[in-house]
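Student: Now for the letters of each chain:
Protein chains: 2
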Amino acid sequence: MPDKLLRMERAGSGPSRPVMLAIAGDSAAGKTTLTKGLVEALGADRITSLCVDDYHRYDRQERKGLPFTALHPDCNYVQIMEQHLQLLATGQPVLKPVYDHHTGQLTRPELIEPTKFVIVEGLLPLHTRLSRACFDITVYLDPLEHIRRDWKIKRDVSKRGYTPEQVLAELDKREPESEAFIRPQRSAADIVVQFGPIATRHDPPDTPLSAELTLRPTIPHPDLTGVFRESDRRAMHLKLARDEDGRPVDALHVHGYVPREESRLLEKAIWTKLDTETELPSSLGQIGEGVRSEPLAITQLLLLYHMLDSVR
Amino acid sequence: MPDKLLRMERAGSGPSRPVMLAIAGDSAAGKTTLTKGLVEALGADRITSLCVDDYHRYDRQERKGLPFTALHPDCNYVQIMEQHLQLLATGQPVLKPVYDHHTGQLTRPELIEPTKFVIVEGLLPLHTRLSRACFDITVYLDPLEHIRRDWKIKRDVSKRGYTPEQVLAELDKREPESEAFIRPQRSAADIVVQFGPIATRHDPPDTPLSAELTLRPTIPHPDLTGVFRESDRRAMHLKLARDEDGRPVDALHVHGYVPREESRLLEKAIWTKLDTETELPSSLGQIGEGVRSEPLAITQLLLLYHMLDSVR
Chain A
-16 MPDKLLRMER AGSGPSRPVM LAIAGDSAAG KTTLTKGLVE ALGADRITSL
34 CVDDYHRYDR QERKGLPFTA LHPDCNYVQI MEQHLQLLAT GQPVLKPVYD
84 HHTGQLTRPE LIEPTKFVIV EGLLPLHTRL SRACFDITVY LDPLEHIRRD
134 WKIKRDVSKR GYTPEQVLAE LDKREPESEA FIRPQRSAAD IVVQFGPIAT
184 RHDPPDTPLS AELTLRPTIP HPDLTGVFRE SDRRAMHLKL ARDEDGRPVD
234 ALHVHGYVPR EESRLLEKAI WTKLDTETEL PSSLGQIGEG VRSEPLAITQ
284 LLLLYHMLDS VR
Chain B
-16 MPDKLLRMER AGSGPSRPVM LAIAGDSAAG KTTLTKGLVE ALGADRITSL
34 CVDDYHRYDR QERKGLPFTA LHPDCNYVQI MEQHLQLLAT GQPVLKPVYD
84 HHTGQLTRPE LIEPTKFVIV EGLLPLHTRL SRACFDITVY LDPLEHIRRD
134 WKIKRDVSKR GYTPEQVLAE LDKREPESEA FIRPQRSAAD IVVQFGPIAT
184 RHDPPDTPLS AELTLRPTIP HPDLTGVFRE SDRRAMHLKL ARDEDGRPVD
234 ALHVHGYVPR EESRLLEKAI WTKLDTETEL PSSLGQIGEG VRSEPLAITQ
284 LLLLYHMLDS VR
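Residue numbers (my numbering), protein chains in the order written: chain A, -16 to 295; chain B, -16 to 295.
Chain A on its own, in the form it takes in the complex (with noise of 0.2 Å):
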């Protein structure tokens, strides 16, 4: 390598430089939803969301004849994954693979201009150290197993067309997988965000699912201790815990049937935090159809609430 590009490395100022959120999960436990409800809110010129599935090593005609499923690193380009995201978290475009869900190919790539905000959505945005060093607010998305494999099984039978059986067969290939690569990554996140039903009640199936979202004092959330120190609030509440490691953590219940009224107090509260002028967004929380969930609205609010925060 030529010195003259050295100095030019060292005299340049350089784009600015995004906020860089991460969402990791396995297939299926609601990241494009998520992501879809941050897009809308913050506008397209202003957010970039991509999905680092994309950066697969071989085709699927390729993988048939490979000890390992799409979940796999060495089935990735796990290097290219993460100097791409140090080139977005810099403020540069890339030029990134594209790999086709509906014919299994890798087709052309996509240029990718970063904008003020970043998403990167997928399997495994938070597997190594240097990929996580590229990120201002981490998120793993960790619904309970049996909602998750619903989840899959209703979208890649209407979507991917797929059977149930198959849908099935394939979640078991991948579990020692899940396990052994996409799960690790929630101890890499700032907030770990866990739908499922309650465990201690009874509900009848049909009843919104709720959250826990676990808030890591990695990042500074807002303090919400307020909202709930005078109420009697049965649909949410915040408590002080420890995780599954033993860490402590803010422990932050939404319940599935929490009254708008008492949600939209929370999301004042965040949101005034804020100090921005930017009125509160009304999109969030759809979970497709016109049909809101709470949990999600909060959820997403609060990565929101955490972008706007980065830039200031």
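These are computed hints drawn from the structure, not numbers from a lab.
It should be emphasised that the depicted structure is a prediction, and the values quoted were computed from it without experimental measurement.
Accuracy of the hints is not assured; some may be wrong.
Using 16 Å as the maximum straight-line C-alpha spacing, the simulated EDC-like pairs for lysine to aspartate or glutamate come out as follows [to be verified]:
hint, chain 1, residue 1, chain 2, residue 2
1, A, Lys256, A, Glu272
2, B, Lys79, A, Glu93
3, A, Lys256, A, Asp292
4, A, Lys79, B, Glu93
5, A, Lys99, A, Asp292
6, B, Lys222, B, Asp206
Fit chain B to the given chain A structure using the hints.
Tutor: What follows is chain B alone, placed relative to chain A:
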């Protein structure tokens, strides 16, 4: 962008950095032939070669509606080309786009991992200041225009399925962009190589082509004055000259009919200056089907000299 990424970037010692050689020139200027001999001489385990004409922004179908040809910078991802050149120059792999010359389509990208030496050939590798800064050695291939047109017709008719009339029409269409974007790269080259018949002679058409090598003092060339000082060599000579733009250069002429024993003296003079234990490669100068060109062999040897010299 998070601070931890900055800290990691500063702390990293990084991979070893390859020697970067650019070979720029218009279509059918001889870039691939020149590159092939260098790759064979150094061995594919030590040298990586790539063509930057793969960074097309549009495929052949899309270009039909556009007011420029594939030579135009706007028709290429120049910024991504620069980025990938920087990555390669710092020893990092890239996922390079792939343009299929047969179908005219952009297809699955390929992983390029730099080895000790990297040759980058193509239409526009020296187009921007940043791309130029990525190279240790830069070459511009500048055959006489009627020679290049002959070469292009022969290649595009035999290998790409065009008629001679189609090739001539394409050459005319491209001429304004050749003038605007390709030929200006000549002035950025450390070495300019011009193949052609000797203007002052009237050799029969099957006389091997001669070469004039313009050696700019922008890189340290081997001192060849001793080789020519005492002799009255007619088939090779070196003289102090002014380039088209008035800058002082060495002009090395190697005639196509130079006897092997005479060219061997020059080869040895170049090679011994390297003080290397590697033997002088015997595979140079091949222009296909066992035909050897002494001027091409000397050109390749000089480039090998510079590549090996840049490692020391």
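Student: Take the hints in turn and mark each one as holding or not.
Tutor: How the hints compare with the structure:
1. A:Lys256 with A:Glu272: 31 Å, violated
2. B:Lys79 with A:Glu93: Measuring from Cα to Cα gives roughly 12 Å; hence the hint holds.
3. A:Lys256 with A:Asp292: Satisfied, since the Cα-Cα distance of roughly 9 Å is no more than 16 Å.
4. A:Lys79 with B:Glu93: 12 Å, holds
5. A:Lys99 with A:Asp292: 13 Å, holds
6. B:Lys222 with B:Asp206: 12 Å, holds
In the structure shown, a violation is registered for the earlier hint numbered 1 alone.
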